[in-house]
Amino acid sequence: MKTNAMIAAAAAGTLASPEFGRKDGGADPDIKQLSRDLKAATDEVKEFAKEAKERFEKGEQLSTEAKEKADQALVKFNELSATMTEVEQKLARRGGEGGGEDRKSIGAMFLADENVKAFMERAPSKGAVSLSMKAIITSATTDADGSAGDLIVPDRLAGIVAPPERRMTVRDLITPGRTSSNSIQFVQETGFTNAAAPTAETAQKPQSDLKFDLKTLPVATIAHWVQASKQILSDAPMLQSYIDGRLRYGLAYAEELQLLKGDGTGANLLGLIPQATPYAAPGGLVAETMIDQLRYAMLQAVLAEYPATGHVLNPIDWARIETLKNDIGEYIIGNAADGAAPRLWRLPVVETPAMTVDKFLTGAFKLAAQVFDREDATVELSTEDRDNFIKNLVTIRAEERIALAVFRPEALIYGDFGNVA
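Each residue of the sequence shown is one higher than the one before, starting from 1 at the first, in my numbering.
Derived by calculation from the structure, the hints in this document are not laboratory data.
It is possible that some hints are incorrect.
Once the Cα atoms are required to be at most 30 Å apart in a straight line, the calculated DSBU-like pairs of lysine-lysine come out as [what the hints assert, rightly or not]:
| # | residue 1 | residue 2 |
| --- | --- | --- |
| 1 | K211 | K261 |
| 2 | K53 | K69 |
| 3 | K32 | K58 |
| 4 | K50 | K67 |
| 5 | K215 | K261 |
| 6 | K50 | K32 |
Could you build the full structure based on these sequences and the hints that come with them?
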């Protein structure tokens, strides 16, 4: 058992230990030694308590000297307990502030390293000194020390985020139809000399002339395909339906461009614009605005005996028209609060990015043209190809077959607004 003097000395030594954050550079208390001293003081207090209990049970009284020793032991025990509590609180505060080694900058850690100090105290000579640093745990996914990014599990959302799809409008403008052949033929009147006139009795009647041409239009195939592994289609059933939808959209996108702009070469359709009548303001009229041009295009169609049923514009051009203002700054069409219905001169306006910017197409669309479906859009899967069979691949093909007949080119008026050089 330690004597009171030893306990007092230990306690005094502990209490005299330098505190945290001392400006005189003192060291931190020896926590392990402090713990041992506190345990020794605790044991001694227990011994005095045990001795006092035994004497009390025997009816004996403690001597004055024993009482003084017990009091001293309790005082030292309380002092050591208070010191330990203070140290623990300071350690907790240090940890909360990110203390210890983490609080030092790399430069401070370098200067405090014992190897660096020894190197600096040596006589000038060649050599090197290194400082080993502990790796910082980060979200990196490399092989470097401290990389723990692979432990992070991403929050995967269901489904596939698809890009926006264009709203198809051109097919709805023209008359629909079907065919069971690989071509469309029709007879078109291409000339008429009308000699009808009042004729005197017994006089020879005037002769008129008519000219007809036989038009033959091929049925065009629009198609594309993708390839996927058999495993992925089995493991992710929703992928097959997604591919199906995207391939069908691709067909509709290509069809829209063909119906509007196809040039008729090779396997291309001959579209509406290449067969339309060029815009020319009739009657010597001069268009001062885009709105004037569209009105005169309607007039041109009416004079050809085909009253127009609509306008096709690029969204940029319709926005330009909607924001036209008069001399006092008021919008000519509609207003900014409620907008304007997509109509102009009593006719609907169809906006589509498929139309070239600064161009317009006005006409009697259903009288002018008809689209014939030979085969509706279909999507088929096949593994029959030798390469597919060997590699467990699936070919997914989408295709459709259509034809376009423009019966009356005079019913379509195509022009340029003249805003873009």
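**OP:** Would you mind confirming whether the straight-line C-alpha gap from K32 to K58 stays at or under 30 Å?
**Re:** 40 Å, violated
Subject >> Given pair status - K261, K211, alpha carbons within 30 Å >> reply: Holds, at about 28 Å.
Original post:
Is K215 within 30 Å of K261, Cα to Cα?
Top reply: 19 Å, holds
Subject >> Agreement of K50 and K32 with the hint, judged by alpha carbon distance not exceeding 30 Å >> reply: 27 Å, holds
**OP:** With a cut-off of 30 Å on the C-alpha distance, tell me whether K50 and K67 pass.
**Re:** At roughly 13 Å apart (the allowed maximum being 30 Å), K67 and K50 satisfy the hint.
Subject >> 30 Å Cα cutoff - pair K53, K69 >> reply: Distance ~16 Å between K53 and K69 Cα, so the pair holds.
Violated hint for the displayed structure: number 3, the only one.
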